[in-house]
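Peer 1: Protein chains in written order, with the working numbering: chain P, 1404 to 1648; chain C, 917 to 1147.
Think of the hints as simulated: they come from the structure by calculation, not from any bench. One or more of the hints may lead you astray.
Below are the DSS-like pairs computed for lysine-lysine, each with C-alpha atoms no more than 27 Å apart in a straight line [claimed, not checked]:
(1) P/Lys1501 <-> C/Lys1140
(2) P/Lys1482 <-> P/Lys1636
(3) P/Lys1501 <-> C/Lys976
(4) P/Lys1482 <-> P/Lys1405
(5) P/Lys1535 <-> C/Lys975
(6) P/Lys1508 <-> P/Lys1541
(7) P/Lys1585 <-> C/Lys1051
(8) C/Lys1051 <-> P/Lys1475
(9) P/Lys1583 <-> C/Lys1051
(10) C/Lys1140 <-> P/Lys1559
(11) P/Lys1593 <-> C/Lys1051
(12) P/Lys1508 <-> C/Lys1058
(13) C/Lys1066 <-> P/Lys1482
(14) C/Lys975 <-> P/Lys1501
(15) C/Lys1058 <-> P/Lys1475
(16) P/Lys1519 <-> P/Lys1409
(17) P/Lys1467 <-> C/Lys1051
(18) C/Lys1058 <-> P/Lys1496
(19) C/Lys1066 <-> P/Lys1541
(20) P/Lys1559 <-> C/Lys1066
(21) P/Lys1559 <-> P/Lys1501
(22) C/Lys1066 <-> P/Lys1519
(23) P/Lys1484 <-> C/Lys1140
(24) C/Lys1066 <-> P/Lys1508
(25) C/Lys1058 <-> P/Lys1482
(26) C/Lys1140 <-> P/Lys1535
(27) P/Lys1515 <-> C/Lys1058
(28) C/Lys1051 <-> P/Lys1508
(29) P/Lys1606 <-> P/Lys1405
(30) C/Lys1140 <-> P/Lys1515
(31) C/Lys929 <-> P/Lys1496
(32) P/Lys1484 <-> C/Lys1058
(33) P/Lys1484 <-> C/Lys1066
(34) C/Lys1100 <-> P/Lys1496
(35) P/Lys1593 <-> P/Lys1409
(36) P/Lys1640 <-> C/Lys1140
(37) C/Lys1051 <-> P/Lys1519
(38) P/Lys1424 <-> C/Lys1051
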Amino acid sequence: MKTIYKVEDLSKEYDGKEVLKVEDFDLFQGEIFGLVGPSGAGKSTLLRLLDFLEPPTSGVIKFKGQEYHQTKEPGLDIKRKITTVFQEPALLKTTVWKNITYPLKIRGIPIKGELKSELENLITDLSLWELKDQRADKLSGGEAQRVAVARALIFKPEVLFLDEPPSNLDPTNISIIENKIKQYGKRTGKTVLVVTHNIFQAKRLTDRVGLLHRGEFIEIKERDNFFNSPDNKLTQKFLAGDLLP
Amino acid sequence: MHTLIQGFREAIKLLISLDPELLQIISVSFRVTGTALFVSVLIGVPLGTVLGLVDFPGKKIITALLYTGMGLPPVVVGLFVFIMFSASGPFGSLGWLFTTRSIVVAQTILALPLVTSFVMTSVLSIDIALIRQMKSLGTSRKQLLWTVIKEARLGAVVAMAAGYGAVISEVGAVMLVGGNIAGKTRVLTTAIMLETRQGRFGFALALGIILLLIAFITNMIMMKFQHREIK
Chain P
1404 MKTIYKVEDL
1414 SKEYDGKEVL
1424 KVEDFDLFQG
1434 EIFGLVGPSG
1444 AGKSTLLRLL
1454 DFLEPPTSGV
1464 IKFKGQEYHQ
1474 TKEPGLDIKR
1484 KITTVFQEPA
1494 LLKTTVWKNI
1504 TYPLKIRGIP
1514 IKGELKSELE
1524 NLITDLSLWE
1534 LKDQRADKLS
1544 GGEAQRVAVA
1554 RALIFKPEVL
1564 FLDEPPSNLD
1574 PTNISIIENK
1584 IKQYGKRTGK
1594 TVLVVTHNIF
1604 QAKRLTDRVG
1614 LLHRGEFIEI
1624 KERDNFFNSP
1634 DNKLTQKFLA
1644 GDLLP
Chain C
917 MHTLIQGFRE
927 AIKLLISLDP
937 ELLQIISVSF
947 RVTGTALFVS
957 VLIGVPLGTV
967 LGLVDFPGKK
977 IITALLYTGM
987 GLPPVVVGLF
997 VFIMFSASGP
1007 FGSLGWLFTT
1017 RSIVVAQTIL
1027 ALPLVTSFVM
1037 TSVLSIDIAL
1047 IRQMKSLGTS
1057 RKQLLWTVIK
1067 EARLGAVVAM
1077 AAGYGAVISE
1087 VGAVMLVGGN
1097 IAGKTRVLTT
1107 AIMLETRQGR
1117 FGFALALGII
1127 LLLIAFITNM
1137 IMMKFQHREI
1147 K
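Input sequences plus hints: build the corresponding full structure.
Peer 2: Okay, here's the thing in structure tokens:
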């Protein structure tokens, strides 16, 4: 498989304290990768670095062969190929429709023809059609999260990061969002990285899974191998539901 | 009490008859205050947005200066502008003293800290997660700035209303730098002062009613906007 991200000796410190230390990590094009780990493991930090929202303290992030580091960040054209759906959906104080079409607007892409149909299908698939003219700040948590997912998918990013998007939602909303994410990964060949602390969600969604603990990768394996035959004792403990030291 | 009632009667008569002198004063007031507000918004909205978004060395000092600026004594501002534009001042050659331009400058100095501070506070209240999300969706710096201004629009409207209210009702600085010249620099507040001194209470009251009306309409517009935003 073709590597889309290659991370080498990546480190992130806050106030002199190292919270992330990834020696080597590859993300392959077209895969759905599950990043699991306990709270405070550094999952969200890694995501922010990979989305180039923050610079690393040291180390290199190679995206599509191009190297980026603390003093070299990618241009807007590269950044626009990547996006993150965060745990808490952050929506603009406007309608659902305007929120979803926002990425197209900032890219100057007109909504017409095939794109218009795709947009309408996406909104329908995520059960948002009836809500499209409603103000986004009046939505329920599940509806808002679906809007955030639609907004991320509409411009077809090459890499989609999801930072525990369906957490604390009801099963219907979780199912709608998971199906859409899976479809996106499988049908478009785009890369998806899902951060989750829910191992069942990782089982349902991913091709490969990695356990991050105390800022370091403990084990990365194909999904079935990760869950059925983990090598590392920490992974075994994590999968057994034990608290990690 | 009798004077007050008589004054009110005269005021209503003047307003109904659309007295040319009255209209002239209203027109000058709107023109100078509108221009001062426009300039304040033009500078204050982007400045307030940047101050709300970006951290840089010296930001605390600038913020403290802004807050101090909110309480600037208008007469002191008037004095400062007077010196700047007087014949011996650095901008004396412009010949702006005792023209509406010097009033606009003084009113802008008074309104700018208000507009900037309100916008900054409004931007600061925007969830940091929204800004991070906008960046992740691929906004350019300009687009992010514009999006933030739109999100903080309620604060921006309050800023405009506060700025407008502060300068339309101002008298000290306007009197000093404008000179209250009939047909040229006479505005509502300076005219009220003059008419009261001359004992033309009706005219002064008519001007006062108009001032109150402007303040009322401004607040109504603001409330309507607030209501629409909250709804």
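Peer 1: Evaluate each hint against the coordinates.
Peer 2: Hint-by-hint comparison with the structure:
1. The suggested pairing of P/Lys1501 with C/Lys1140 holds, with an alpha-carbon distance near 23 Å, which does not exceed 27 Å.
2. At roughly 37 Å between alpha-carbon atoms, P/Lys1482 and P/Lys1636 are farther apart than 27 Å, so this suggested pair is violated.
3. As the CA atoms of P/Lys1501 and C/Lys976 are separated by approximately 36 Å, the hinted pair breaks the 27 Å bound.
4. A hinted pair counts as satisfied when its Cα atoms are at most 27 Å apart, and P/Lys1482 with P/Lys1405 qualifies at roughly 20 Å.
5. With a C-alpha separation of about 41 Å, the suggested pair P/Lys1535 and C/Lys975 falls outside the 27 Å cut-off, and the hint is violated.
6. About 23 Å separates the Cα atoms of P/Lys1508 and P/Lys1541, which keeps this hinted pair within 27 Å; it holds.
7. For the given pair, P/Lys1585 sits about 25 Å from C/Lys1051 by alpha-carbon distance, which is consistent with the 27 Å threshold.
8. Note on C/Lys1051 and P/Lys1475: the hinted pairing holds, with a Cα-Cα distance of about 17 Å set against a maximum of 27 Å.
9. Proposed proximity of P/Lys1583 and C/Lys1051 is supported: the alpha carbons are some 23 Å apart, at most 27 Å.
10. Distance hint between C/Lys1140 and P/Lys1559 is unfulfilled; the C-alpha atoms sit about 39 Å from each other, more than 27 Å.
11. Between the alpha carbons of P/Lys1593 and C/Lys1051 the distance comes to roughly 20 Å, so the proposed pair stays at or under 27 Å and holds.
12. With a C-alpha separation of about 13 Å, the suggested pair P/Lys1508 and C/Lys1058 falls inside the 27 Å cut-off, and the hint holds.
13. Of the supplied pair hints, the one linking C/Lys1066 and P/Lys1482 holds, its CA atoms being roughly 23 Å apart against a limit of 27 Å.
14. For the hint pairing C/Lys975 with P/Lys1501, the CA-to-CA distance comes to about 34 Å; that exceeds 27 Å, so the pair is violated.
15. Our distance criterion of 27 Å between C-alpha atoms is met by C/Lys1058 and P/Lys1475, whose separation comes to about 21 Å.
16. A hinted pair counts as satisfied when its Cα atoms are at most 27 Å apart, and P/Lys1519 with P/Lys1409 does not qualify at roughly 35 Å.
17. Distance check on the hinted pair: P/Lys1467 and C/Lys1051 sit about 20 Å apart at the alpha-carbon level, within 27 Å; holds.
18. This hinted pair checks out: C/Lys1058 and P/Lys1496 have alpha carbons roughly 19 Å apart, not beyond 27 Å.
19. Of the supplied pair hints, the one linking C/Lys1066 and P/Lys1541 holds, its CA atoms being roughly 18 Å apart against a limit of 27 Å.
20. Between P/Lys1559 and C/Lys1066, the direct Cα distance comes to roughly 26 Å. Compliance with the 27 Å bound is thereby established for this hinted pair.
21. Taking the CA atoms of P/Lys1559 and P/Lys1501, the gap is near 17 Å; set against the 27 Å cutoff, the hint holds.
22. Between C/Lys1066 and P/Lys1519 the alpha-carbon distance is near 25 Å, which keeps this suggested pair within the 27 Å criterion.
23. As the CA atoms of P/Lys1484 and C/Lys1140 are separated by approximately 41 Å, the hinted pair breaks the 27 Å bound.
24. Among the hinted pairs, C/Lys1066 with P/Lys1508 is consistent with the structure: their alpha-carbon atoms are about 15 Å apart, no more than 27 Å.
25. Restraint check: the Cα-Cα separation between C/Lys1058 and P/Lys1482 comes to about 15 Å, which is no more than 27 Å; the hinted pair holds.
26. Of the supplied pair hints, the one linking C/Lys1140 and P/Lys1535 holds, its CA atoms being roughly 24 Å apart against a limit of 27 Å.
27. Pair hint P/Lys1515 plus C/Lys1058 holds up; C-alpha atoms about 25 Å apart against a cutoff of 27 Å.
28. Restraint check for C/Lys1051 and P/Lys1508: the C-alpha separation of about 14 Å stays at or below 27 Å, so the hint holds.
29. Straight-line distance between C-alpha atoms of P/Lys1606 and P/Lys1405 comes to about 23 Å, which keeps the hinted pair within the 27 Å bound.
30. Distance check on the hinted pair: C/Lys1140 and P/Lys1515 sit about 35 Å apart at the alpha-carbon level, beyond 27 Å; violated.
31. The straight-line distance between the Cα atoms of C/Lys929 and P/Lys1496 is roughly 47 Å, outside the 27 Å bound, and the hint therefore fails.
32. The suggested pairing of P/Lys1484 with C/Lys1058 holds, with an alpha-carbon distance near 19 Å, which does not exceed 27 Å.
33. Between the alpha carbons of P/Lys1484 and C/Lys1066 the distance comes to roughly 25 Å, so the proposed pair stays at or under 27 Å and holds.
34. Taken as a hint, the C/Lys1100 and P/Lys1496 pair is broken in the structure, with Cα atoms around 45 Å apart against an allowance of 27 Å.
35. For the proposed pair P/Lys1593 and P/Lys1409, the alpha carbon gap of about 16 Å is at most 27 Å, so the pair holds.
36. A C-alpha spacing of about 59 Å is found between P/Lys1640 and C/Lys1140, which places the hinted pair above 27 Å, so the restraint is violated.
37. For the hint pairing C/Lys1051 with P/Lys1519, the CA-to-CA distance comes to about 24 Å; that is within 27 Å, so the pair holds.
38. A C-alpha spacing of about 24 Å is found between P/Lys1424 and C/Lys1051, which places the hinted pair at or below 27 Å, so the restraint holds.
Of the numbered hints given earlier, the model fails hints 2, 3, 5, 10, 14, 16, 23, 30, 31, 34 and 36; all others are met.
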